[in-house]
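**Student:** Spelled out, the chains give:
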Amino acid sequence: MRQTALAMVHELARRDPRVLFIGSDLSPGVLKGMKEEMPERFFMEGVSEAYVIGMAAGMAMDGFIPYINTIATFLTRRCLEQICIDACLENLPLRLIASGGGLVYAPLGPTHLATDDIALLRPLPNMAIVAPSDAEEMRRLMEASLTWDGPLYIRLGKGGDPVVSRADAGFAIGRAILMRPANRVLIVSTGVMTSRALAAADLLDTIGCGVLHMHTIKPLDTEGLLTAAAGAELVVTLEEHTRIGGLGSAVVEALSDAGCLKPVLRLGLPDRFPEGYGSQDHLLELAGLQPPQVADAIHKALNR
Amino acid sequence: MDARSRYLRSLVIDALEGGGRGHVGSTLSLIEIVRVLYDDVLRVRPDDPAWPDRDRFILSKGHGCLALYAVLADKGFFPVEALKEQCRPGAMLGGHPQRGHTPGVEASTGALGHGLALGVGMALAARLQRRPSRTFVVMGDGELDEGSVWEAAMAASKHRLDNLVALVDYNKLQSYGSVAEVLDLEPLADKWRSFGFAVAEVDGHDVNGLRNRLTALPFESGRPSMLICHTVKGKGLDFAEGQALWHHKARIEAPDVARMRQALETAR
Ligand SMILES: Cc1ncc(C[n+]2csc(CCOP(=O)(O)OP(=O)(O)O)c2C)c(N)n1
Ligand SMILES: [Mg+2]
Chain U
656 MRQTALAMVH ELARRDPRVL FIGSDLSPGV LKGMKEEMPE RFFMEGVSEA YVIGMAAGMA
716 MDGFIPYINT IATFLTRRCL EQICIDACLE NLPLRLIASG GGLVYAPLGP THLATDDIAL
776 LRPLPNMAIV APSDAEEMRR LMEASLTWDG PLYIRLGKGG DPVVSRADAG FAIGRAILMR
836 PANRVLIVST GVMTSRALAA ADLLDTIGCG VLHMHTIKPL DTEGLLTAAA GAELVVTLEE
896 HTRIGGLGSA VVEALSDAGC LKPVLRLGLP DRFPEGYGSQ DHLLELAGLQ PPQVADAIHK
956 ALNR
Chain V
315 MDARSRYLRS LVIDALEGGG RGHVGSTLSL IEIVRVLYDD VLRVRPDDPA WPDRDRFILS
375 KGHGCLALYA VLADKGFFPV EALKEQCRPG AMLGGHPQRG HTPGVEASTG ALGHGLALGV
435 GMALAARLQR RPSRTFVVMG DGELDEGSVW EAAMAASKHR LDNLVALVDY NKLQSYGSVA
495 EVLDLEPLAD KWRSFGFAVA EVDGHDVNGL RNRLTALPFE SGRPSMLICH TVKGKGLDFA
555 EGQALWHHKA RIEAPDVARM RQALETAR
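Residue numbers (the working numbering), protein chains in the order written: chain U, 656 to 959; chain V, 315 to 582.
Honestly, the hints are just simulated from the structure, not real lab data. Any given hint could turn out to be false.
[As the list claims (entries may be wrong)] Keeping only pairs whose Cα atoms sit at most 25 Å apart, straight-line, the calculated DSS-like set for lysine-lysine is:
#1 U:873 / U:813
#2 V:472 / V:505
#3 U:813 / U:687
#4 U:955 / U:917
#5 U:873 / U:917
#6 V:486 / U:690
#7 U:687 / V:486
#8 U:687 / V:505
#9 V:563 / V:486
#10 U:813 / V:563
#11 V:505 / V:486
#12 V:563 / V:398
#13 U:690 / V:563
[Said to hold, decoys possible] Partial list, computed: chain V residues near chain U (C-beta under 8 Å):
#14 401
#15 402
#16 403
#17 409
#18 412
#19 414
#20 422
#21 424
#22 456
#23 461
#24 464
#25 489
#26 492
#27 496
#28 558
Yeah, the Cβ is synthetic: ideal placement off N, Cα and C, and Gly gets one too.
Chain U on its own, in the form it takes in the complex (with noise of 0.2 Å):
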């Protein structure tokens, strides 16, 4: 996904000479390509993400379109501020490529887990969320990206993440993507999660279980949303992300708001700081959120 989100920088970058990128002193030949082709519009800066926030603002000020890349932590938390007064306030067109979104760097220990991003970036105005479900959705997006208005947040994952998107259903920020038809239960998923909500959808046939794949978590889809659970009684949201203040939380407030509020179970992370490294994979089994364990849970959900 990170392979191909920085070529389409390089590519959108021969296309539009508005378009620049921005590393922090990310790993070496980074968009070698690209810093060969046109040095003057590759910049890597050193360790610190903050003023990389507020540089490309003031370069945005001036007409650019920067594409910012680190790791996903660092590119929300440290430089908050920066994001919210300089790029949201302004709405200015900043691209934050947020390398590892969730629990992608296990091993690394919490320090490096991006679980709170989306919640940290969801109240700011202006800004657009979105995590794409595979390397081919990131394409797509990518084309999307060089004409959204304003700051856009863009989640990564771990790379090699199984191909679940389909270039007919096409693709358009802030529009949700019916994988499948909801029956008695509607599971509505973003980023690699999605491929775990269709797998689990599978473990639940009998019960005919749809997966509604919110790509976009801000603009929220909500007519999308409505539509596609309405007949459901159950509505699910999974996501690799805290309970709080993500996709499940979005997806509350828009049922709520559009007075069809039913009862939803919210898949997620607990409210605490992960423990026990391992792998991506490990840490969300302990959280409960891989498709045998969600199909799990929509049962239980069922009977209850």
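Put chain V with the ligands on the given structure of chain U with help from the hints.
**Tutor:** Relative to chain U, chain V with the ligands alone:
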């Protein structure tokens, strides 16, 4: 390289093998610094890690944690066998140090730019509580890019914290490449001097040199001390020395481990 430095590096290789990953270069430039601190400088008690009067050590460049783990294990804070489990599910040792999770670890670091501010706080606490504890903070050179480092530096000087010792592992490389290229720090000693520190420089692999500097503290009374340690990233593995690509390896397999052990044998 003497036997002890070689032995500590062999523990690091054990950990790299067990976890199958780690910040190789970042760890190996630090070995002598951490070794001298724990062998000759820090007043700590491995059997009583919470002893109130202990000195505090913060590895602000938390990604170099395998050096800290190797020394802590060797000192008896936890069994040496734990090294082989690093990063595994349920391990005591993670890819960055976690306070309260690993005995002897004083701060949860890994997000760069936090350690010096924590150190200022600990040094102030020691002063207020009339404890003899001193606080030592090791930072990376790339880490010095973070503005928070310099906010803390100004405060350390304002508070005249001569019980605070900051060190820089000046290995001249950060993640992307050379420090000079990504964000030049020079003139580094003058920078710290102008921020109110008493500054000394040393070869960060010279055990005697480090010992001499770190047993004559503070460098100046009424001022925080800064020891700039000139080091080689990846020190001890000829193929990794000075190579940005050896900053971190997410996959270390049996042939890599064999190559490391062999290189370490002949390291000078
Ligand atoms: C706030 C923050 N931003 C980015 C990173 C990712 N990162 C880890 S190590 C590193 C380079 C650090 O270079 P340096 O301080 O010179 O350490 P060393 O050379 O000893 O590895 C970066 C950018 C981080 N850990 N924390
Ligand atoms: Mg360095």
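**Student:** Are there hints from earlier that the structure breaks, and if so, what are their numbers?
**Tutor:** 8, 19, 24 and 26
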